[in-house]
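Using the sequences and the accompanying hints, generate a full structural model.
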Amino acid sequence: MRKFLSLLAMLIIAIAVVGCTPRGRRTEHEIEDLGPDYQTEISATVTFWHAMGQANQGVIAEIITEFNKEYPNITVVQQSQGGYTDLRDKILTTLSSGNNPTIAQTYPDHVAAYLQGKAVRELDSYINHARYGMTQEEIDDFITAYYEEGKIYDTKGTLYSLPFNKSTEVMFYNKTWFYNEKVDGVSLYEKYNLGTVEVVDEKPVFTDNPNAYLSWEDIIEICEVYINSEAYQALSSDDKLKHAGFAADSEANLFITLTQQFGGEYTSLEEPRFRFDNPQSKSAIQWFFDNKEAGLFGTSTKFGTDYSSDAFKAGQIQMTIGSSAGANYNYPGDPDSTFHVGIVPYPQFEDVTKYGGVQPDKGQVIQQGTNVTLFKCTDPMEELAGWLFIRFLTSYKAAMIWATKTGYFPIRQSVRSSQEYEDFLDGKKLILDANTGEWTTIYEPSFIAKTMKVGWEQRNIFYTSPAFPGSSDCRDVVEALVQAVLYGGVSIEQAYEDALDELE
Amino acid sequence: MKTRKLLSLLLFLVLGILLVGCVKDEPTPGDKDKIYTDDEIPTPLTDEFKFTKDYEGKDFIEDGIGQVTFVSHVDGDTTIFRTLKGQVITVRYLGIDTPESTYKVEPWGFAAAKFVKKVMENARDNDIPIVLQADEVNSQRVDSTGKRYLAWVWVGGRLINLELVEQCYTATKAAGTMYASKMIEASVAAEAFGTRIWNRTLKDPEYDYSVVGQSMSLQEINEQYNTVYSVANELDKGKRVRIQGIVTRKLGGGNAYIQQQVDGHWHIGLTNTEVVATDGSSFPYIGENGNWFVEETDLGIQAQIGEIGQNAYEVYVDSLPDGETPLNQYVWARRITVAEPDENNLIPYIVRENKWYGLYLYGGYQDVTNFQVGREIYTTGTIGYFGDAVQVTSINDATVQIYSLNNEIEPLEITADDFNPNNRHMLGLLVKMENLLIVDGYNTKKNNPSNLGFTIEAKVNGKDINIRIPNETYIYDDKGNRVSDWEYFEGKTLDVVGIMSIFDGELQILVANQNDLTY
Numbered sequence: 021m022r023k024f025l026s027l028l029a030m031l032i033i034a035i036a037v038v039g040c041t042p043r044g045r046r047t048e049h050e051i052e053d054l055g056p057d058y059q060t061e062i063s064a065t066v067t068f069w070h071a072m073g074q075a076n077q078g079v080i081a082e083i084i085t086e087f088n089k090e091y092p093n094i095t096v097v098q099q100s101q102g103g104y105t106d107l108r109d110k111i112l113t114t115l116s117s118g119n120n121p122t123i124a125q126t127y128p129d130h131v132a133a134y135l136q137g138k139a140v141r142e143l144d145s146y147i148n149h150a151r152y153g154m155t156q157e158e159i160d161d162f163i164t165a166y167y168e169e170g171k172i173y174d175t176k177g178t179l180y181s182l183p184f185n186k187s188t189e190v191m192f193y194n195k196t197w198f199y200n201e202k203v204d205g206v207s208l209y210e211k212y213n214l215g216t217v218e219v220v221d222e223k224p225v226f227t228d229n230p231n232a233y234l235s236w237e238d239i240i241e242i243c244e245v246y247i248n249s250e251a252y253q254a255l256s257s258d259d260k261l262k263h264a265g266f267a268a269d270s271e272a273n274l275f276i277t278l279t280q281q282f283g284g285e286y287t288s289l290e291e292p293r294f295r296f297d298n299p300q301s302k303s304a305i306q307w308f309f310d311n312k313e314a315g316l317f318g319t320s321t322k323f324g325t326d327y328s329s330d331a332f333k334a335g336q337i338q339m340t341i342g343s344s345a346g347a348n349y350n351y352p353g354d355p356d357s358t359f360h361v362g363i364v365p366y367p368q369f370e371d372v373t374k375y376g377g378v379q380p381d382k383g384q385v386i387q388q389g390t391n392v393t394l395f396k397c398t399d400p401m402e403e404l405a406g407w408l409f410i411r412f413l414t415s416y417k418a419a420m421i422w423a424t425k426t427g428y429f430p431i432r433q434s435v436r437s438s439q440e441y442e443d444f445l446d447g448k449k450l451i452l453d454a455n456t457g458e459w460t461t462i463y464e465p466s467f468i469a470k471t472m473k474v475g476w477e478q479r480n481i482f483y484t485s486p487a488f489p490g491s492s493d494c495r496d497v498v499e500a501l502v503q504a505v506l507y508g509g510v511s512i513e514q515a516y517e518d519a520l521d522e523l524e
Numbered sequence: 007m008k009t010r011k012l013l014s015l016l017l018f019l020v021l022g023i024l025l026v027g028c029v030k031d032e033p034t035p036g037d038k039d040k041i042y043t044d045d046e047i048p049t050p051l052t053d054e055f056k057f058t059k060d061y062e063g064k065d066f067i068e069d070g071i072g073q074v075t076f077v078s079h080v081d082g083d084t085t086i087f088r089t090l091k092g093q094v095i096t097v098r099y100l101g102i103d104t105p106e107s108t109y110k111v112e113p114w115g116f117a118a119a120k121f122v123k124k125v126m127e128n129a130r131d132n133d134i135p136i137v138l139q140a141d142e143v144n145s146q147r148v149d150s151t152g153k154r155y156l157a158w159v160w161v162g163g164r165l166i167n168l169e170l171v172e173q174c175y176t177a178t179k180a181a182g183t184m185y186a187s188k189m190i191e192a193s194v195a196a197e198a199f200g201t202r203i204w205n206r207t208l209k210d211p212e213y214d215y216s217v218v219g220q221s222m223s224l225q226e227i228n229e230q231y232n233t234v235y236s237v238a239n240e241l242d243k244g245k246r247v248r249i250q251g252i253v254t255r256k257l258g259g260g261n262a263y264i265q266q267q268v269d270g271h272w273h274i275g276l277t278n279t280e281v282v283a284t285d286g287s288s289f290p291y292i293g294e295n296g297n298w299f300v301e302e303t304d305l306g307i308q309a310q311i312g313e314i315g316q317n318a319y320e321v322y323v324d325s326l327p328d329g330e331t332p333l334n335q336y337v338w339a340r341r342i343t344v345a346e347p348d349e350n351n352l353i354p355y356i357v358r359e360n361k362w363y364g365l366y367l368y369g370g371y372q373d374v375t376n377f378q379v380g381r382e383i384y385t386t387g388t389i390g391y392f393g394d395a396v397q398v399t400s401i402n403d404a405t406v407q408i409y410s411l412n413n414e415i416e417p418l419e420i421t422a423d424d425f426n427p428n429n430r431h432m433l434g435l436l437v438k439m440e441n442l443l444i445v446d447g448y449n450t451k452k453n454n455p456s457n458l459g460f461t462i463e464a465k466v467n468g469k470d471i472n473i474r475i476p477n478e479t480y481i482y483d484d485k486g487n488r489v490s491d492w493e494y495f496e497g498k499t500l501d502v503v504g505i506m507s508i509f510d511g512e513l514q515i516l517v518a519n520q521n522d523l524t525y
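Residue numbers (the numbering used here), protein chains in the order written: chain A, 21 to 524; chain B, 7 to 525.
Keep in mind that the hints were calculated from the coordinates and are not lab data. These numbers were taken from a predicted model, which means no experiment stands behind them. Keep in mind that the hints are not guaranteed to be accurate.
With the C-beta cut set under 7 Å, the calculated list includes, among others, these residues of chain B facing chain A [unchecked claim]:
hint	residue
1	TYR109
2	LYS179
3	SER193
4	ARG206
5	ILE408
6	LEU411
7	GLU414
8	LYS485
9	GLY486
10	ALA518
Heads up, the beta-carbon is just placed ideally off N, CA and C, and yes, glycines get one too.
Following this line, the structure appears as structure tokens:
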């Protein structure tokens with residue numbers, strides 16, 4: 021019911037947007053040519069609405085300062101609107117009055133909703149403009165999957181957004197437990213080739229294998245080791261219910277990714293849009309359910325929270341999947357006081373056909389995150405200024421600032437391959453030691469930097485789901501489906517039927 | 007039939023909204039240069055929106071709605087209440103996210119916190135009912151930490167969550183909740199009014215916008231802000247300071263205790279050590295003398311006879327005299343050169359009692375890699391208070407810079423006599439106690455299931471010595487399971503190294519590392 025009401029609310033707002041006579045914001049106009057001195061000629065105010073917290077607002081402020089060095093007469097006003105969905109709803113509300121921002125942070129389904137109100141400015145004419153556009157080299161420099169996401173709204177591939185903050189999902193594991201737990205005298209850490217260990221002063225010093233990886237088949241084996249371990253067996257039966265070998269954070273992502281990994285389809289831009297009711301998807305959920313019933317797997321709902329990170333940090337699970345952008349939630353703190361955490365790519369199946377799936381051509385892992393979108397403006401100068409800010413925001417300079425200070429992925433190849441970004445990932449620090457008077461270089465990658473490094477390696481297997489009005493509600497519905505099957509005693513057939521009913 | 011009714015309702019709603027949405031007047035903008043009081047800001051939506059639900063005899067935890075009493079204040083979107091059945095719960099207000107005023111400070115954070123505090127205290131003092139309502143659309147009862155109940159907070163029939171939006175203290179995070187559209191409507195109107203968080207040029211008079219911060223020693227921080235009065239009044243909370251110290255322990259990923267050795271009391275006696283004056287003459291040892299007062303200046307050490315004379319001397323610290331050893335680890339001596347001896351040729355001998363002061367730096371939920379034990383760091387941050395002590399907040403890896411590496415700090419050995427709440431100058435110091443027999447304790451999870459911290463108690467000379475194992479510190483039993491019950495330590499004798507800290511008025515030694523417990 022909650023999903024239905026949410027969908028209804030969005031529909032109402034969207035229809036209101038389309039229905040109301042806009043007060044002058046829907047104008048299509050030619051792009052004005054200000055001549056070669058346009059950077060100083062142009063004078064306008066750009067409003068940028070987003071859903072960033074205070075820390076990231078500081079980074080945006082830094083980017084605005086850099087922008088103003090090149091465009092001294094453009095004022096950029098950034099404004100956080102709270103949550104992502106509130107941002108969407110507030111934009112939908114203000115589109116009718118023309119009080120909407122010049123540019124905004126957008127998820128693909130948000131853009132699809134704004135397009136219903138014909139409020140979004142296509143970016144092709146700007147990005148290809150002889151004076152204000154980008155060179156082909158600059159366009160090609162975008163990470164392809166990120167750039168292509170701006171063109172998923174129609175069959176022509178019209179560009180409606182450029183990439184902004186991007187993340188993915190990775191797997192975190194309790195490295196200390198993997199080291200302590202031994203099979204035939206070999207630690208799980210070494211057995212699964214996750215790295216090598218040297219004991220110094222009675223403490224393990226880990227050197228991770230940069231290509232470390234665990235398949236779903238490995239994970240099941242490791243979970244079995246866990247539930248047969250002395251520590252697990254010593255738990256009371258009540259406590260056993262609060263423990264598992266592995267848990268996933270986002271049930272919606274789990275559903276979509278498993279469906280993809282089983283070779284099934286989730287949604288489509290073509291009718292019928294909701295396509296998850298297929299045998300592969302059901303096999304995927306059956307497979308997860310079976311492992312959950314065996315005590316091996318769980319999801320965040322098992323622990324009564326939105327995220328499984330608290331259970332991971334409390335030692336209730338030894339492996340968890342979570343967002344790279346939220347990596348710090350899986351970081352318990354100083355390893356000497358807590359435990360070491362390892363990070364590996366999202367698991368894939370060695371052979372999914374054993375479980376009723378169809379092996380896809382390549383691995384599947386979700387690409388998440390937002391883009392930036394330009395709205396149509398009455399004042400051509402405001403719109404142009406908005407575009408110029410988007411161009412700057414997605415430039416090498418701004419993308420470097422954003423990637424090294426926020427924990428989101430670089431949106432440009434050139435940033436990722438730069439020495440500066442490599443130094444960030446390695447946590448390179450040059451210290452003048454006041455005790456010795458000598459310069460010392462130390463490498464201390466932050467937990468988020470380590471996560472970024474692993475997440476980046478998945479870039480060639482990223483998938484994105486098609487965006488259309490209601491696509492985010494579909495996510496809510498499949499999340500409820502997973503909960504109903506795993507914890508609500510609802511059969512898989514019934515849960516799929518209920519999910520489709522709710523969407524239709 | 008059901009579907010047809012629903013469609014009719016939908017059509018009606020859409021038409022209604024079209025009508026209202028298209029003809030509604032633009033909200034009136036406020037004065038962009040004015041700092042408004044809470045009473046001056048229009049709150050028409052809150053004024054009109056009335057609470058009509060029945061809550062008599064209902065309990066918020068069990069029934070999703072119920073009257074509560076105000077227990078204590080946290081900040082602009084969190085308050086602690088007591089439910090009808092007596093359970094004390096922390097409540098996170100639904101649909102909003104006010105600027106921070108606790109672990110870090112953001113513009114308008116204090117103002118939002120004060121607004122809520124005033125509302126709650128007024129309700130308490132005038133018997134105005136406070137009712138918590140769980141959301142009827144979103145079934146989630148607790149927030150993502152699993153520790154705080156989510157609620158719509160009605161005070162005297164006014165929805166405080168909504169009022170905070172209209173008061174321009176917060177944007178909304180209300181999507182998917184029962185009052186989402188009302189909250190968005192308030193957010194649009196508030197932004198149009200354009201004050202506080204919606205005004206980019208208006209400065210919050212209570213927020214310290216300085217970037218550098220006032221340089222303060224940890225002694226100054228301790229003496230100014232760690233007094234009972236300062237803590238009770240949260241003196242200068244939010245003030246930006248710049249501090250320096252050596253990391254003694256890290257707690258969680260983003261927090262650390264630091265210590266700084268600062269000039270304490272300088273005792274000047276007399277010595278037979280050869281001391282050379284600036285004119286090249288030397289002076290013999292004569293005998294013991296009393297205490298002098300000395301302070302450090304840009305020129306060196308300014309020494310002055312305190313109790314026994316009025317003559318002033320300019321002295322320069324050189325090095326420890328041959329054969330001299332520190333009197334103890336906190337008192338050490340240095341050879342000096344005097345510019346001018348006193349009339350009796352009494353040669354001052356400086357014995358410096360170097361005191362250490364400690365402080366907790368709170369960075370919260372992040373990985374501050376620059377915090378490593380033994381590093382001398384400096385950082386900017388803001389003055390904050392927690393658990394009856396001062397702390398410095400708004401810390402992250404970018405604010406923390408490394409000054410030197412590999413410094414060693416030995417814990418200060420203390421006795422039961424030192425374990426006294428009046429010794430506030432010892433708060434934040436790394437201390438050590440031995441041979442503590444554990445006789446009692448309590449588990450935090452009893453009241454907060456997601457917190458696995460616990461406290462164990464020893465009795466020494468009739469005095470309780472509390473040792474705190476916080477949620478951030480993991481202790482494992484011999485099977486490899488995490489220990490979260492104090493009973494595990496019952497009857498064991500421990501040596502403990504930890505931080506002298508205070509919480510709810512009680513002193514405790516806080517253990518930040520599992521290797522600091524020996525048993």
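Now for the hints, and whether the structure bears them out:
no., hint, verdict
1, TYR109, "12 Å, violated"
2, LYS179, "4 Å, holds"
3, SER193, "6 Å, holds"
4, ARG206, "6 Å, holds"
5, ILE408, "5 Å, holds"
6, LEU411, "5 Å, holds"
7, GLU414, "11 Å, violated"
8, LYS485, "5 Å, holds"
9, GLY486, "4 Å, holds"
10, ALA518, "6 Å, holds"
Of the hints listed earlier, those the structure fails to meet are numbers 1 and 7, in rising order.
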